[in-house]
Each structure stands twice: as structure tokens, then as C-alpha cells.
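Whenever a hint applies, use it, and build me the whole structure from the sequences.
Protein chains: 2
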Amino acid sequence: MSYVAPVEQIQFILNHVVPFPEVAASDRFAEATPETASAILTEAGKLAGNVLAPLNRSGDETPARLENGKVRSSPGFAQGFRAIAEGGWIGLSADPEHGGMGLPQALNMAVADMMSGACLSLQLNPLLTQGQIEALEHHASDEMKALYLPRLTSGEWSGTMNLTEPGAGSDVGALTTRAERNDDGSYAITGQKIYITWGDSDVTENVCHAVLARLPDGAKGTRGISLFLVPKFIPDGDGRPGVANSLKVVSLEEKMGIHGSPTCVMSYEGATGWLIGREHGGMAAMFTMMNCARLGVGMQGVGVAEAALQQAVAYAQERDQMGPIIRHPDVRRMLATARAEIFAARAIGLACAAAIDLERATGQAHHAARAAFLTPIAKAYGTDVGCRVADTGVQVHGGMGYVEETGAAQYLRDVRITPIYEGTNGIQAMDLVGRKLADGGEAAMRLLDEVLDDAKAAQADHPDLANEVWQAAETLREATQDLLERDLPQRFAGAVPYLMAFARVLGAHFHLRAAQKGGGSHLALARVFVGRVLPRYAADLAEARAGLDDLVAVSDDALFGRIGA
Amino acid sequence: MSYVAPVEQIQFILNHVVPFPEVAASDRFAEATPETASAILTEAGKLAGNVLAPLNRSGDETPARLENGKVRSSPGFAQGFRAIAEGGWIGLSADPEHGGMGLPQALNMAVADMMSGACLSLQLNPLLTQGQIEALEHHASDEMKALYLPRLTSGEWSGTMNLTEPGAGSDVGALTTRAERNDDGSYAITGQKIYITWGDSDVTENVCHAVLARLPDGAKGTRGISLFLVPKFIPDGDGRPGVANSLKVVSLEEKMGIHGSPTCVMSYEGATGWLIGREHGGMAAMFTMMNCARLGVGMQGVGVAEAALQQAVAYAQERDQMGPIIRHPDVRRMLATARAEIFAARAIGLACAAAIDLERATGQAHHAARAAFLTPIAKAYGTDVGCRVADTGVQVHGGMGYVEETGAAQYLRDVRITPIYEGTNGIQAMDLVGRKLADGGEAAMRLLDEVLDDAKAAQADHPDLANEVWQAAETLREATQDLLERDLPQRFAGAVPYLMAFARVLGAHFHLRAAQKGGGSHLALARVFVGRVLPRYAADLAEARAGLDDLVAVSDDALFGRIGA
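If you're matching them up, the sequences are chains A and B in order. UniProt numbering puts the last residue of the first sequence at 565; the count rises by one with no breaks. UniProt numbering puts the last residue of the second sequence at 565; the count rises by one with no breaks.
What the simulated footprint calls covered on chain A by chain B, stretch by stretch (three residues with Cβ under 8 Å from a Cβ of chain B suffice, anywhere in the stretch; the number is not a length):
(1) 307-319
(2) 333-341
(3) 403-416
(4) 524-535
For the record, the hints were derived by calculation from the structure and aren't laboratory data. Backbone N, C-alpha and C define an ideal beta-carbon position, used for all residues, glycine too.
Structure below.
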């Protein structure tokens with residue numbers, strides 16, 4: 001069974017469900033005409049289906065490996081990467097001044113969805129390179145931009161994010177990597193970083209590391225951190241890879257999945273780097289890079305879910321156990337729920353991307369607030385759906401799903417990283433109820449007002465669906481008010497279920513819109529979502545409001561199982 | 001972090017939550033005194049923690065392999081198996097007439113919980129051997145019993161179940177393996193079987209295959225199937241392994257997990273077998289074997305969940321990110337919910353085992369009905385909890401959870417088979433709403449009456465918890481009535497959420513009992529379960545009652561993603 005890129009699904013969402021027409025109507029994105037968008041998606045779909053998807057199994061079976069300190073990529077990955085680079089896909093949303101196409105993030109994220117569905121391990125490389133491009137565009141000096149951006153955009157060079165250290169994961173501020181000022185304006189970077197995705201490879205001629213480190217006069221915690229660009233080979237006067245920098249790959253991690261993506265332990269031993277942004281201002285640059293990557297990771301979840309579900313549906317059509325199992329009510333329940341959740345997660349991700357685009361197009365703060373609010377939801381819900389649907393894929397395959405040869409298990413093993421990296425889903429949820437409600441709930445309420453207004457407007461056409469959505473949104477509004485009155489630890493205890501409830505309501509909202517605009521299959525799927533997925537918001541919100549007290553009442557001993565005989 | 005067998009938790013449940021005291025008070029199980037039970041559990045706990053748990057990683061890292069047609073087990077597995085056998089653990093509940101100890105299944109399942117938590121791959125061997133012992137005890141001739149039972153019970157020989165074929169998984173009746181009558185009363189078996197767990201090994205001197213096959217005059221479907229015992233080596237006159245039978249291991253499956261458990265493709269080429277039970281009566285014997293194994297698989301889920309949670313708690317105590325992460329509200333929420341679910345799943349499994357014991361002790365049909373009703377719930381909920389908690393374990397570890405060296409990922413990969421084998425969880429749920437409600441709901445209602453009565457009795461002590469449990473049980477009763485009025489396809493569409501709701505209500509019921517009997521930590525855990533896990537019954541039951549119509553309205557094309565642009 002081969003992956004078919006969901007071009008039509010994405011086009012429907014862009015045209016009818018999220019404000020992409022508004023994006024395309026703006027001056028900034030005037031080039032994103034319907035024809036261009038359609039051509040872009042069609043071409044990306046072909047690349048994903050024909051070139052990238054065939055690499056997915058080989059990446060799993062023949063992992064990237066370390067040979068004499070150099071990473072050897074999985075078979076075919078170099079060619080796959082070149083196809084991505086030569087198609088211009090890395091720079092799809094990058095600044096035209098430095099070789100990018102300047103097209104909307106909504107299109108870029110749609111492409112990320114398709115490419116990660118085809119081959120997650122490989123797609124990670126352009127995704128992280130794009131994150132670095134964003135960081136440089138926003139924070140680097142003109143000279144750095146001129147030197148690095150064209151090469152990153154063209155895919156001659158690739159980019160990485162070096163945040164994590166053994167003692168500094170979710171707590172970035174605990175990092176110990178040091179930066180010292182050199183006389184020539186560059187810096188010497190020393191320290192160890194872990195979990196560096198595509199930290200080295202043979203698919204590009206240079207690898208540019210964006211490394212968080214602390215200057216001698218940097219404050220403790222996150223406020224004393226700076227971001228540096230540390231290339232594997234220092235560019236010479238012509239901007240070509242020159243002498244090797246003082247850095248190396250110590251080892252590769254053996255992981256549950258994404259075997260085709262080399263996950264490196266990196267050692268910097270006085271490596272030469274250049275400041276991105278200002279000294280001690282590394283967190284701002286890091287967030288630029290991470291926000292892009294967070295939404296991208298949400299789309300990875302959606303993409304893998306799509307691929308896993310397609311395979312499960314094809315298997316369920318073929319597999320005959322007293323008739324094709326796709327006719328068995330429970331199998332159909334699993335597949336239909338999965339399809340409805342994929343639609344919801346995809347729409348949330350593309351709505352987030354469209355908000356980013358509208359902010360860029362209009363400069364209006366409320367679009368920025370919308371994008372910021374939707375990012376953790378898109379990341380956490382997209383990746384949860386990725387895991388859930390890949391799990392469904394295994395289950396639908398029965399014993400065949402547990403055997404590696406079908407590939408169903410690979411989707412589950414691969415996608416399982418997505419709720420962890422770029423900030424665990426727990427961190428996303430804390431970001432949502434903490435930082436993203438710090439505006440007093442303005443962004444949340446503005447979004448819920450839209451959901452409520454839409455539901456009212458839909459009452460004439462689909463009273464049953466509209467009423468459910470309205471009621472859920474209203475309950476969510478009350479729960480949001482309630483949360484706003486609580487202190488952070490109490491909010492944090494309910495953060496994940498709150499995020500889940502928000503995702504259900506948004507998912508139902510977008511389904512309702514699709515049902516109104518598309519009818520037919522869209523209406524049928526909306527009924528499944530509103531009937532089976534949405535109603536779980538009530539228990540989510542009850543849990544979100546339950547607070548911390550019952551959790552603290554369970555002792556550490558009891559958690560371990562020492563609960564008395 | 002090393003696994004500590006949950007001896008005290010199990011003792012508490014046996015003494016205070018499930019009717020084990022009633023079992024121990026019966027004549028049949030008079031030997032199961034509190035002292036004996038305690039000694040048994042303590043010894044099994046030592047074996048699990050000290051001997052089996054240290055094998056778990058090596059089984060993953062050095063999978064069983066096929067060499068010249070023979071299976072070579074993972075390092076240390078042979079010694080581990082011998083320790084299980086020599087401790088008498090295989091025959092714990094087997095008939096004393098043939099070397100068993102005749103102790104209750106409640107103790108046997110508690111031991112299965114601990115041993116599978118320690119090393120799932122290895123524990124599968126005794127679990128399946130026990131299933132074969134049960135089948136022989138109930139259905140075999142006296143001569144077969146005398147020949148095979150002592151050797152299986154002692155662990156000199158091991159037993160397998162050969163049900164599945166490439167075209168016959170959930171639809172057992174589709175099998176094509178043939179049996180022909182030989183002149184001497186034996187049978188010649190020809191066909192291929194797949195997914196045969198421990199289909200060969202070097203840990204026992206003989207492997208006895210229980211093989212489903214069809215005689216020439218066997219009807220189509222399940223009614224024409226017979227069960228045969230087909231030993232790897234045909235016993236000679238002294239009952240020692242003699243000439244090799246005409247069977248072979250064709251290959252081993254490469255699986256997502258349980259690498260230490262060899263999963264064989266078996267070929268029978270006119271192999272000599274002996275009938276278990278009567279001709280064409282194979283399904284009855286198979287169900288004896290499977291029911292035992294189903295409950296055992298439920299306990300596997302519980303056991304792996306226990307091990308995964310212990311490791312996650314230990315990690316969360318050590319891992320410092322702005323304080324130990326076990327103090328972070330969201331991490332604590334994950335851990336406390338997991339602990340509460342493990343308690344619930346363990347209590348449901350042991351309640352099922354106690355019902356089996358009471359049926360054997362008293363011969364009363366209502367105990368048999370209780371056991372039959374609880375089996376699919378114990379299997380499906382136990383294994384779902386296994387997957388959920390192992391997943392939580394990975395998430396709590398963050399990036400470390402995705403890296404294989406911590407072992408957190410192994411728990412998830414290993415336990416993922418449990419919702420599939422011995423009948424997928426979907427099949428369990430269909431069994432529950434189909435066969436197990438075929439008594440007009442009598443067993444279900446009898447169980448719910450107990451839950452309701454208990455909740456009423458607990459109202460004085462814990463009104464908040466008792467009211468929640470009572471309300472949930474009452475809603476479940478209504479939903480059960482509703483389901484009884486529907487045809488099977490409609491029931492099947494709601495089978496899984498119905499089973500989940502039933503598990504939540506039973507879990508809350510047992511938690512309430514524990515809170516009343518134990519107070520302290522038990523009360524704290526009960527609050528977590530009743531506050532966070534139970535409330536999801538409402539959405540489950542809404543889905544259970546939603547029926548099939550909305551699912552059928554989604555076309556196959558729409559499931560695949562062709563939903564129109």
C-alpha cells in the first residue's frame with residue numbers, strides 16, 4: 001500500500017475552513033493565487049508520494065550510522081533530500097531576498113504534513129533547517145543573513161537546533177555550555193549537547209548548528225543565554241565550507257523509531273560561533289525557531305496519522321474475516337474516528353499557520369495572539385492524534401500490525417517522539433494555560449466568540465451539530481474563566497485536559513464549517529466527530545478544574561505502589 | 001531502577017477487595033490459608049524481582065533466533081525458565097493428581113502479574129503451557145493426561161496454542177489445516193500456523209503443540225474443528241521424547257517487541273497428533289485454553305504497567321528540572337492516574353480469577369457466569385491500561401524515554417501486543433456485548449447490583465465517592481438495558497466504549513471498597529480514580545449507544561481520505 005498525499009483534503013481546508021483566502025487576498029501574499037497554491041500542493045504531493053514515501057521503510061531498516069565520526073545516512077536519503085532542496089521546498093516560506101519563495105506558512109505547513117507522512121525521518125532535516133532560517137531572518141545581522149540564508153534556503157547546507165543538555169531538557173535555563181568572546185567578534189563555544197536531530201549527515205556539504213550557550217557574564221537561568229551559529233565547516237572568504245570547526249559527533253542514540261534521522265550527541269570544544277541576535281537574548285531567537293518547529297511537529301503528527309490511516313483502511317478493505325473487516329462495526333468505528341480526528345488536527349494546524357500569515361500580512365496583534373494561542377494546541381493535539389491513529393493502525397492490522405514487515409508498527413514507533421520533542425505535550429499545555437492565558441484570556445475568548453458565533457449561524461442548517469458545538473464552547477468559556485482565577489500550579493494540574501478540551505471544541509468547530517461548506521462526506525465525518533470525539537470535553541474540563549489537591553494527596557510512596565497491605 | 005514485585009498491593013486486594021477470603025474458606029481451596037498465600041506471593045515476588053527482571057533487557061537486545069531450524073533462546077532465558085519450573089510455578093493451579101499444587105487461580109494470576117512485570121517475553125511460555133494444561137485437564141483422555149500433564153506441570157515440556165493461519169485470525173473457522181485419521185487412533189496433521197508463541201525453544205526438552213485442524217468430515221466454520229496435541233518429539237514407551245515429529249519452524253517473525261519470545265511460523269507435514277476432547281469439538285477445548293490465557297493476558301497488561309510505572313516514578317524522583325519532576329503538577333497527574341488505573345485493572349483481574357475459583361469450589365453457575373463476564377473486561381482493560389501506562393512511562397522520561405537504553409520504550413513495545421493476541425480487544429468487547437449478554441443481562445445486572453449496594457453502604461463514610469459510583473453504575477445499568485434491545489451489529493458498534501465504561505465503573509467500585517477498608521493512600525487513590533478516570537464513563541456510554549448509523553454514513557472513500565475538495 002503506497003501513501004497518497006492528501007492534496008484534496010488540504011485544499012478543501014484551505015479554501016473553506018481556515019482563513020487562507022484572506023491570506024491569499026493580502027498584498028504580502030499576492031502570489032499565493034488559487035492556481036499557485038494548487039500547483040504547489042500538487043507538486044509537493046507528487047514528491048511526497050513518489051520520491052519520499054519509498055524511502056520510509058529503508059530508513060527504518062537501515063538506520064543512519066556513525067562511521068569514523070561521520071554520519072552515514074540511510075540508503076536513498078541523500079537523493080531524497082536533494083529532491084526536496086531542488087524543488088525549492090526548504091525555502092517555500094523564506095524571504096525572497098535570500099532565495100526563498102515568500103509563500104504563506106499555510107502552504108509550507110501543508111507541505112510539511114505531506115512530506116512527514118511520506119518519510120518523517122527525512123522530513124526532520126528540512127523542518128529544522130526552516131526553523132534556523134526563521135531565526136536568522138528575525139535576529140541575525142545582515143552579513144550573517146547574506147552568508148547563511150541563501151545556502152540554507154537552497155539546501156546546500158542544513159540547520160540544527162542545539163538546546164538540550166543532559167541536565168537541561170524542559171529546563172533550558174539549566175544549561176552549562178559556555179561561550180567566550182574571541183577578539184575578532186566571534187565566540188568560542190564549549191559544551192555537550194544531546195538529542196541533536198540531523199546533527200551531522202552526508203546529505204549536505206555543511207551543517208549549521210544553532211547553539212544555546214552562556215557567556216561568562218550571562219545571568220543564571222534563561223535570561224543569561226545567548227544563541228550562536230556554529231558551522232561544521234567555517235565558511236571561507238567565498239562562502240564555501242572551509243576549515244573544520246572544533247566540534248564533533250560523539251555518538252548516535254539508539255531510538256524506538258525515526259531510525260533514518262541521526263540523533264547526535266554533540267561535543268563543542270572551543271568551536272567558533274557567531275552570535276544570532278543580541279548577547280543574553282538567546283531565548284527570543286530560540287522561541288522564533290521553536291515556534292515554527294512546534295507547529296511543524298504538530299503537522300508531523302497529522303502527516304504520520306494520514307499515512308498510517310491510509311494503510312489501515314487499505315488493509316481493512318483487503319483483509320477478509322467473515323467479510324472485509326472494514327465492514328465490521330468496531331473496525332469502522334476505529335477508522336472513522338481516526339479520519340475525523342485527522343481532519344480536526346489538520347484544520348487546527350492550518351488555522352494556526354494562517355494566523356501566522358495574517359499577522360505577517362497585516363501586522364495586527366490579534367493575529368499574532370491567535371497564532372501564539374493555537375501553536376501549543378496544534379503541536380499537542382496533532383501529535384496526540386498522530387500517536388492515537390498510528391496505534392489504531394496497528395490494532396486494525398491485528399497480529400500483522402505487530403510484525404514489522406507491514407510498516408504499521410513503524411508509524412507508531414516513529415510518531416511516538418512527536419509528543420516529546422520541541423517541548424513535551426505537557427510543556428505545551430503549561431504554555432497554553434500559563435503564558436497564552438497571560439493576556440487575561442483575550443485570545444482564548446476571541447477564538448471562542450468565533451466558535452459560538454459560527455455555531456449560532458449554523459443552527460438553521462445543522463441544528464443538532466450546531467447545538468452540541470455551541471454548548472461545548474460555552475462550557476469551555478466558563479472553564480477558561482475559572483482557570484484564569486487560579487494560580488499557576490492549580491492551572492498546570494489541569495493543563496493537559498484543558499488543552500484537549502480546547503482541541504475537541506476547535507475540531508468540532510472546523511468540522512461544522514466543513515459540513516456547511518462541503519456537505520456529503522464532510523457532514524458524515526462531522527457527525528462522527530461531534531458524536532464521538534467532542535463529547536469527551538465534559539470529562540476533560542471536569543478534570544481541568546479538579547486542580548492539584550487530590551494529586552498531592554497521593555504520596556510518592558503510593559505512586560510507587562507502596563500503598564500498604 | 002529495578003522492578004519490585006507488588007506483593008503488598010496484591011495481598012491487600014486479595015484480602016480486602018475481591019472475594020478471595022471466600023475462596024480460601026472453601027473446602028476445595030482449604031490449603032490456601034493466609035500463611036500459604038502470603039508465602040506464595042512473597043516467593044513469587046522474589047523470583048520475579050531477583051531472577052526474571054534482570055533478563056528483561058537481554059531478551060530485547062538479543063532476540064530469540066532460528067539456527068538450522070531450531071530456536072535459540074535469549075541469554076539467560078533457559079535458566080530463568082528452569083527457575084520458574086523448579087519453583088513449581090507452572091503447576092500452581094494445576095490438578096494435584098498430576099503434579100500440580102491445586103491452588104486458586106487468584107494466586108496463579110497474581111503470580112502471572114508479577115512474572116510478566118518482570119519479563120513478559122519469558123512469562124509467555126509458562127502462561128501458554130498453563131493454558132494447555134487446563135485444556136488437557138478438562139478435555140483429554142486419562143491416558144493423555146497421565147502422559148502429558150506431569151511433564152507440562154513440571155516444566156520439562158512446554159505447551160503452545162496453534163490457532164491462527166494466514167487467512168484465519170479472528171475468524172478461526174476459516175482455518176485450512178487438515179487432520180486425517182491414522183489406523184492406530186492417532187491423526188496426521190497438515191497445514192501452516194502463524195504467530196505461534198514459543199513454537200520452539202531450547203528451554204524445554206519437548207514442545208507440545210495444541211493444534212486446531214479440520215477432519216475430512218468436519219463441517220465448514222467453527223463447528224467442524226478439532227483440537228490435537230502434536231508433540232515436537234513423539235513420546236516413547238517410557239514417556240521420554242522419542243522420534244522427531246513431522247513438523248518444523250519455518251521462520252520467526254520480526255516484531256515490534258517481546259523479542260525474547262520466539263514467534264514462529266509452523267509447518268505441519270503429516271505430523272502425528274492425538275485428539276483432545278471429541279472430534280469436531282475443538283472449539284470448546286480451545287475456549288478452555290483461551291479463557292485462561294485471556295485473563296492471563298489481562299494480567300500481563302497489569303504487570304507491565306506496574307513495572308513501567310515503577311520505573312517512571314523512580315525517574316521522576318531523580319530527574320531534576322526546576323525541582324524533581326515528580327513535583328510538577330502534570331507529571332504527578334500522569335503518575336497518579338496511572339497508579340489508580342493499575343489498581344483498578346488488577347482488582348478486576350483478580351476478581352475474575354476469584355470467580356473462577358468460586359465456581360470450582362462451589363459448582364454454582366452464577367460464579368461461572370461472573371467469571372465469563374469479567375474475562376473480556378479483564379483482558380481488554382488490563383491490556384489497555386498496560387499500553388496507556390507504558391506510554392505514560394515513556395512520556396515521563398521525555399527524550400530519555402524514546403532512547404532504548406532506559407528500557408521505558410521496551411515496555412511500550414512489549415506490551416503493545418497484548419491488546420492484539422488471544423483475541424483483539426475489539427473481539428473481547430464483541431464477546432462481552434454478544435455472548436456475555438446472551439443471558440438477557442443477568443450476569444451484568446447481578447454485578448451492577450453489587451456495585452449499587454456497595455455504593456449505598458459506603459454513603460455514610462464517603463458520600464462524595466459513593467454518589468459518583470452509584471450514579472455511574474445506574475447509568476451503566478440503563479445503557480445495558482438499552483443495548484439488550486438492539487441487534488448485534490448495533491451492539492458491536494458500541495462494544496468497545498461499553499466495555500470501557502464497565503471497566504471504569506468496576507474500577508471505581510473496587511477503589512471505593514479499598515478506601516473503606518484501607519483508608520489513607522487507598523482513599524487518596526480512590527479520589528483520583530473517581531475524580532479523573534470514572535467520569536469518562538458518560539461519554540463512553542453515549543458512544544456505546546450511538547450505534548452504527550453515523551459510521552456507515554462515512555464511505556470507504558471518505559475513510560481513505562477521498563472526501564472531495
